[in-house]
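With the hints as constraints, model all of the structure from the sequences given.
Same order as they appear, the protein sequences are chains A and B. FYI, the numbering for the first sequence is 1 to 699, going by the numbering used here. FYI, the numbering for the second sequence is 1 to 433, going by the numbering used here.
Just so you know, the hints here were simulated from the structure itself, not pulled from any lab data. A hint or two may mislead.
Label pairs and their computed distance ranges (CB to CB) [said to hold, decoys possible]:
1. Tyr172(A) to Ser65(B): 36 to 42 Å
2. Ala401(B) to Lys88(A): 21 to 27 Å
3. Glu124(B) to Asp119(A): 44 to 50 Å
4. Ala19(B) to Glu413(A): 51 to 57 Å
5. Arg245(A) to Ala401(B): 30 to 36 Å
6. Gln39(B) to Asp76(A): 31 to 37 Å
7. Asp371(B) to Gly113(A): 43 to 49 Å
8. Pro44(A) to Asn195(B): 19 to 25 Å
9. Asp301(B) to Gly62(A): 20 to 26 Å
10. Ala56(B) to Gly113(A): 52 to 58 Å
11. Lys88(A) to Asp301(B): 30 to 36 Å
12. Arg432(A) to Glu124(B): 56 to 62 Å
All of these numbers come straight from a predicted model, not from anything done at the bench. Cβ atoms here follow ideal geometry from the backbone N, Cα and C, with glycine treated the same way.
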Amino acid sequence: MPRPAHELITLTIDGREVQAPENSMLVDAAKLGDVEIPVFCYEPKLGNPVGACRMCLVEIEGIGKLQTGCSTPVKDGMVVHTQTERVKEAQRSVVEFLLINHPLDCPVCDKGGECPLQDISFGWGSGLSRFVEPKRHFVKPLELSPLIAIDRERCILCYRCVRFSQEISEDYQLVLLDRGADSYVSTFDGHPYEAPFSGNIIELCPVGALTSQDYRFRARPWEVENAGSVCTLCPAQCNVTLTVRDERVLRVLAREHPEVDDGWLCDAGRFAYPPHPPAAEINGGQALTLGARVAAPLVRDGGTLRPVSWARALQEAAAGLARAGARSGAVAGGAASNEEGYLLTRLMRDALGSPHLDSRATGALPLELMRALCDPRLQARVSDLEFAHAVLLLDIEPVRDAPILDLRLRKGERRHGVKLIRSAGADPAQLRAAARELSAAGKEVVVLWSERFAAGPEGEARARALLELAEELSFGETDGAGLLEIPAWANGRGLREAGVLPSAGPGLTPPPAGGLDARGIADALVRRELSALYLLRCDPLDPKDPLAAGAPAANGAEAVSPAQASEAWTRALDHASTVVAHASHLTAGVLEHASVVFPAESYAQKEGTVTHPDGRLQRVRQAVAHPALVRPEWLLIAELCSRLGLELELHSAEAVSRALFDAVPFYAGMSLEEIGGRGVRWQERPQAAAFGRAEELPG
Amino acid sequence: MSQQLLLQDIDEPGLHTLAVYERRGGYEALRKALAMTRQEVLSELEASGLRGRGGAGFQMGKKVSFLPHGAIERYLVCNADESEPGTFKDRELVQKTPHMLIEGIVIAAYAAEASRAFIYIRGEYVLQADVLDSAVAEAHAAGYLGEDILGSGHSLSLVVHRGAGAYICGEETGLLDSLEGKRGNPRLKPPFPANQGLYQGPTLINNVETLATVPAIMRMGGAEYAKLGVETSTGTKVVSVSGHVQRPGNYEIELGIPSREIIYGLAGGPPEGRAIKCWFPGGSSAPVLTAEDLDVPYDFDSLAHAGSMLGSGAIIVVDDSTPILDVAMKVAKFYRHESCGKCTPCREGTNWTVTMLERIDRGEATPMDLDIITSVCDHIIGNCLCVLGDAMAMPIASMVAKFRPELEAHMQAAHERALPPAAAPAGGGGGFA
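Structure, rendered in structure tokens:
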């Protein structure tokens with residue numbers, strides 16, 4: 001469906017001519033002319049303006065009353081005044097009204113120093129109040145939820161949080177109770193506000209009324225540094241700003257990117273921020289039990305894992321891998337970066353001579369199918385979800401698999417009338433029926449599908465059916481239409497493109513030799529055809545790991561239940577003589593079976609790139625220093641290569657990135673500067689031509 | 001007595017039943033209208049110059065003509081949430097002659113091409129809503145409502161919806177939100193209801209009296225109706241007179257007659273021995289006028305020129321037995337209680353004004369507080385999302401302006417009562433709130 005066009009018009013604000021998109025709101029247009037019109041309730045992300053706070057009153061020539069700049073679409077020739085005495089008086093009066101009941105406890109308020117109410121009072125208020133009566137009082141602070149505290153005295157009733165709950169996350173839990181000067185924000189009957197995206201209201205609040213229980217009183221804005229990065233806790237890869245104080249991440253804020261997250265974060269991303277191990281753990285004083293953080297390299301000694309020096313851990317790992325040589329296998333997952341994936345391919349293929357490596361939790365697909373599904377012409381962007389005529393959801397639950405896309409789909413449905421069709425079934429007849437429904441809705445269709453969809457014995461057939469659907473709906477020729485696959489692991493797409501596949505090298509090119517996929521590696525370990533296993537950020541015995549999910553049942557084929565999958569992997573790990581793992585926590589498989597455990601970096605410590613499911617390369621930037629005994633993971637894979645006789649001469653994270661860009665044909669010429677803070681979709685660069693056309697699919 | 005269009009049969013026993021209404025010529029205007037084209041009906045409405053009787057005084061015919069054309073569902077909503085203090089004209093019309101309203105709704109819906117209509121009646125009007133319910137059922141059974149009305153091809157469903165007792169739901173967009181099942185808060189305008197109203201569809205909203213006048217206009221013809229009243233305020237108006245008068249009640253007058261004629265001639269003036277202190281010409285939200293303004297012609301423009309407004313056409317008379325501060329507090333408290341809280345100036349300003357007025361009454365105020373009240377009212381007027389804030393600020397500001405000496409005397413007297421002479425005066429201090 002057509003996206004809003006942006007025809008430029010000229011208007012005059014405070015005597016200067018400003019070019020702005022027609023019908024954009026005056027508040028936004030004014031910014032283009034370096035004029036700031038103060039706002040509280042206006043937030044474009046929340047949909048249509050409501051004009052409630054009245055802070056943005058301005059004078060428009062030809063209109064008698066003052067108008068709210070947040071809700072006035074600009075027209076050619078409009079003449080606006082924001083600095084007349086009339087406007088200033090109105091703005092001063094709104095500030096005065098808002099401060100009547102505000103406690104002005106800025107010195108003890110978390111928002112102090114980054115507070116719009118403070119800024120606007122300072123910039124547009126009169127500095128004096130004529131109000132001498134008692135202020136409104138509420139019990140405070142109250143627990144709105146275990147994550148959020150609410151201080152109703154500070155609230156200026158802008159309704160941003162209520163609108164978020166009602167119109168963005170659509171959980172409908174926040175409401176406004178009572179009326180007039182007695183109004184207050186609450187949940188029905190005082191139930192806790194528990195919802196997958198609740199934390200966004202903290203960032204939306206223009207005062208200190210909604211604060212993070214976790215961040216409360218932990219820091220003041222002038223004591224922290226904010227560092228941009230990308231959350232790699234799930235494939236959605238939302239852009240974030242990490243609030244850092246004393247080398248600790250205290251808070252995660254959204255870093256709005258319309259092509260990735262639309263400015264929102266899920267609660268998991270916001271509150272499960274990269275923890276920093278306490279000093280006792282760093283010193284190795286922790287008990288090494290299930291779930292414990294890995295804060296130092298560990299080696300199995302006499303049946304149990306013990307902290308050791310880096311030299312010893314590297315030596316043990318190198319020796320174990322050297323013994324196995326070509327009889328090694330590797331699986332990469334989790335938040336492993338593109339660079340780590342690339343170095344793993346060098347370690348396996350070039351240092352050990354083993355073709356057995358995988359990064360698909362759900363089993364291999366033939367290379368030509370993978371290439372066809374990855375064809376740049378068929379790839380949908382995230383924003384296409386919002387403007388498509390219809391979106392088909394195949395075996396995916398967005399709020400679980402890539403939460404932030406759930407909000408994007410809701411937005412598309414609510415604001416642009418996108419038709420959502422869910423299909424759990426995948427037999428060709430069902431897909432054909434879905435195709436008919438989709439084409440009835442319009443030409444621009446996005447198929448959002450999970451890696452699971454093409455898993456199991458029927459996976460290949462389903463992938464082919466998907467390609468037929470793409471062909472039938474002419475995705476290749478339709479802008480705004482396409483496939484969008486959500487991989488099982490956060491950087492699944494990046495690892496595949498880096499060549500962590502049994503059937504492909506970097507850039508999905510045919511490998512020198514074909515190898516075994518994840519399940520094949522497990523079986524080969526049991527048969528003792530393989531003897532060493534390298535687990536890069538995954539653990540098949542961790543119930544949360546996609547490897548542990550088994551495989552779905554399909555027509556005529558047995559399903560692999562999670563229990564069976566776990567049993568198969570337990571036997572495989574029992575048979576492996578060397579298991580090297582990168583892990584942040586001691587999950588079941590690592591705790592019981594790893595010979596050597598390297599502490600994994602949190603994403604706040606990592607430097608590298610990841611690839612978003614829609615092909616956008618994004619930079620993960622180091623925000624905090626590594627704890628004493630944690631080292632960059634790329635460095636230790638490179639070190640293992642070196643100890644196994646492969647000198648890569650890669651001495652910085654940037655050098656590894658460059659090596660990756662050189663190795664993947666369609667990343668050619670990319671640089672970290674080009675990726676920058678907003679990322680680059682490789683399909684939109686001329687070098688995408690290097691991908692070539694998808695080969696004709698056999699039979 | 002001037003011409004009676006709305007109240008002429010009002011005392012006829014059983015007028016609320018279809019049989020009596022038809023005997024008095026009811027639904028003839030509808031037959032006449034349905035024999036005309038929609039455009040012709042609309043032209044008659046436009047020619048009548050009928051201005052909305054709810055408070056804003058916008059030309060009804062123009063409102064109808066604003067509805068966009070095309071194949072979209074249009075709605076007609078009758079605003080019977082009569083909540084403005086002093087206003088009780090719609091109550092009498094609905095209770096005694098509901099069919100006149102229904103007839104008007106069907107004709108207006110025909111002109112507006114609307115096939116669904118709603119009457120939003122305030123929850124406290126229990127009897128009136130019951131009367132409406134039976135009248136709608138009767139009209140439906142007689143074929144004046146429903147499918148293919150009188151064989152004309154025009155269809156209309158009419159639903160009576162009872163409000164839950166909020167003044168703000170009489171504000172047209174608040175009414176629409178409430179009707180949709182949401183919290184009754186005013187919406188940002190534009191878009192105006194004519195473009196995006198009920199369920200986002202084009203919607204014609206009119207007051208009970210406006211719609212009840214439509215049958216008369218169809219009977220007389222728009223041009224003939226326009227001859228009544230004065231040029232910019234045509235026709236007749238039901239005026240609710242209350243307060244300190246000897247004969248309070250509803251009076252139908254021709255617009256443009258001197259206000260004195262209504263207050264003294266019809267309503268009998270204040271009780272013996274009392275004088276008029278002030279009067280609200282159009283409900284409690286109108287700035288007050290004084291005895292000097294009694295000769296102002298009672299029509300939209302003359303009252304606006306005199307610094308007030310015709311509003312809902314409710315005259316409240318206050319005589320010299322009542323302190324002006326009591327009047328001001330009554331008005332301010334009403335609007336503070338009814339403010340929805342959505343926009344800042346109204347939510348905070350009405351509350352602040354009440355607390356200042358109470359402080360005057362307690363003797364804790366200084367004359368500077370009167371300046372602050374004036375300034376707060378000034379900051380409310382014109383700066384709010386809807387006109388509820390203005391509805392408090394305009395009369396309060398007018399009272400402070402016109403009765404400042406009385407308020408200062410009141411303040412002084414209360415101050416002397418409250419404090420021993422040596423104590424320091426309180427209030428009015430500065431400081432950062």
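These are the hints, each one checked on the structure:
1. Tyr172(A) to Ser65(B): 36 to 42 Å: holds (39 Å)
2. Ala401(B) to Lys88(A): 21 to 27 Å: holds (24 Å)
3. Glu124(B) to Asp119(A): 44 to 50 Å: holds (46 Å)
4. Ala19(B) to Glu413(A): 51 to 57 Å: Taking Cβ atoms as reference, Ala19(B) and Glu413(A) lie about 53 Å apart, which means the hint holds.
5. Arg245(A) to Ala401(B): 30 to 36 Å: Violated, since Arg245(A) and Ala401(B) (Cβ atoms, about 56 Å apart) do not stay within the stated range.
6. Gln39(B) to Asp76(A): 31 to 37 Å: Distance hint for Gln39(B), Asp76(A) holds at roughly 34 Å.
7. Asp371(B) to Gly113(A): 43 to 49 Å: violated (36 Å)
8. Pro44(A) to Asn195(B): 19 to 25 Å: holds (22 Å)
9. Asp301(B) to Gly62(A): 20 to 26 Å: Hint holds: Cβ distance 23 Å, inside 20 to 26 Å.
10. Ala56(B) to Gly113(A): 52 to 58 Å: violated (46 Å)
11. Lys88(A) to Asp301(B): 30 to 36 Å: Because 33 Å falls inside the window, the suggested range holds.
12. Arg432(A) to Glu124(B): 56 to 62 Å: holds (60 Å)
In this structure, the earlier hints numbered 5, 7, 10 are contradicted, and the remaining ones agree with it.
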